[in-house]
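So the sequences go chain by chain: P and Y. Residues 1 to 99 in the numbering used here are what the first sequence spells out, letter by letter. Residues 1 to 315 in the numbering used here are what the second sequence spells out, letter by letter.
In case anyone wonders, no lab produced these hints; they're calculated from the structure. Since we're looking at a predicted model, the values are computed, not measured. Beta carbons are placed, not taken as given, at the ideal position from N, Cα and C, and that holds for glycine. Treat the hints loosely; a few may be bogus.
What the hints assert, rightly or not - Some chain Y residues flagged as far from chain P (calculated, every beta-carbon gap over 10 angstroms):
hint, residue
1, 60
2, 158
3, 182
4, 290
5, 315
To be verified - Below 25 angstroms or equal to it, Euclidean Cα-Cα: the simulated DMTMM-like pairs (lysine to aspartate or glutamate) are:
hint, chain 1, residue 1, chain 2, residue 2
6, P, 91, Y, 197
7, Y, 217, Y, 186
8, P, 89, P, 70
9, P, 91, Y, 262
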Amino acid sequence: MSVSPFSPYADTDITTTGYLDLLKIRPIPAEADDVLYTIITAYTYRPDLLAYDLYNSKDLWWVFAQRNLDTLKDPVFDFVAGTRIYLPKKKNLQQFLGI
Amino acid sequence: MSLISGAFNALKSIGSASAQNIFSQLGAGVRTTAQNIIRDTTGISISNQGQLSLDPTRVGSQNRILQNLAQGVGPGAESIIRQGAVATFRNYSGGGGWQDPDAASTQNNSSGPGGMSSSTSTWRVRLSVPNTLRDAPTLSSFATTGNEVVFPFTPSILFGNSANYSQIQPIHSNYPYNAYQNSQVDQITIIGDYLNEFPQDGIYYLSVVHYLRTMTKMFYGDSSPKGNPPLLCRLNGYGPHVLNNIPVVIQGFTMDLPADVDYIPVNFMGQTNYVPTSTTMTVTCLPQYSRRTQSQFSLNKFANGGYAGQSEGFI
Chain P
1 MSVSPFSPYA
11 DTDITTTGYL
21 DLLKIRPIPA
31 EADDVLYTII
41 TAYTYRPDLL
51 AYDLYNSKDL
61 WWVFAQRNLD
71 TLKDPVFDFV
81 AGTRIYLPKK
91 KNLQQFLGI
Chain Y
1 MSLISGAFNA
11 LKSIGSASAQ
21 NIFSQLGAGV
31 RTTAQNIIRD
41 TTGISISNQG
51 QLSLDPTRVG
61 SQNRILQNLA
71 QGVGPGAESI
81 IRQGAVATFR
91 NYSGGGGWQD
101 PDAASTQNNS
111 SGPGGMSSST
121 STWRVRLSVP
131 NTLRDAPTLS
141 SFATTGNEVV
151 FPFTPSILFG
161 NSANYSQIQP
171 IHSNYPYNAY
181 QNSQVDQITI
191 IGDYLNEFPQ
201 DGIYYLSVVH
211 YLRTMTKMFY
221 GDSSPKGNPP
231 LLCRLNGYGP
241 HVLNNIPVVI
251 QGFTMDLPAD
261 VDYIPVNFMG
271 QTNYVPTSTT
281 MTVTCLPQYS
291 RRTQSQFSLN
301 KFANGGYAGQ
311 SEGFI
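From just these sequences and the hints, can you work out the full model?
So this is what it looks like as structure tokens:
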């Protein structure tokens, strides 16, 4: 069974019994050209919508939390309007994640 | 309506290709309104030909994308403000609208050592790149600004003219006589800020540093033409009656690498360099008029403004 490259678990091994092994984090490094963005009301608790609008893929919802570890402790419930986060560029994600 | 206006106010200074790309991702209803706003506010004509029809299932997404545009975030999380920053290196036409930088450079002729003359449509302060250096890969960034070094933010400039007199003070007199000696154009000091927010800014900044280092050195050793002094360039800015095509040599420059700002990595010539996000550059220029052009100087013509906009910038 293979995991989608869009998944946060794509690098995580799968045990012989079919379960996910210990998580291997997929880092999203800070880049100089990342854009500072203020989350708008329409995206509150919905990082999947922002990922869809920016990257055309809802499955990349987790990259915002991974890029903004200090700001988004919880990838969903810290994703509220008014929070300022850095947005990784799509071309950088394609390089980091191999998508 | 106000939402769309806000979004496209952020697009005021981007190029037509970028605007077209963003525009093509909107729904037909939104596009029609946006098309008019963009045309009225930016002068950019957006083609509506062959675009997507309005998909009711994507209305919400398109509304959100518009709000993102208002924050300067485009598709793929690309910054449309970034493109605005690039536009700071372009030439602004007083008649409205951004010009292609090459369009202004075509107005320059190749007379004089620097090969540049003043263009009335460009008023930013700039130093020309001599023809000898234009093929240098380190200075290729200047091709985007008409082969001129542009100060992207309004610099402070100190300049002046002076007439020198020697005082003759006869014994037992109340008033000395001032005997005229000569006049001179004083050194010109330009103090400009460079804010390097993105790698492209850093590349331009590094090119400026390399240019100034080059312009303060002679052709020594294995150089060609060996033995020549540092090159001459032309200073322009603020129109033909202010700084018009002044032949100058760079006497010196100073730049700071502050400790209290961030540094960003920049890939320059295939190698990583770190540049400060904010720095100040001070350039000192000395006007350098050749003997031949000095011999053609006419004070009557000068007083009548006859040298304004001409290839030889007497000030």
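Inset, instruction - Of all the hints given earlier, name the ones this structure violates by number, lowest first. - result: Violated: hint 1 alone.
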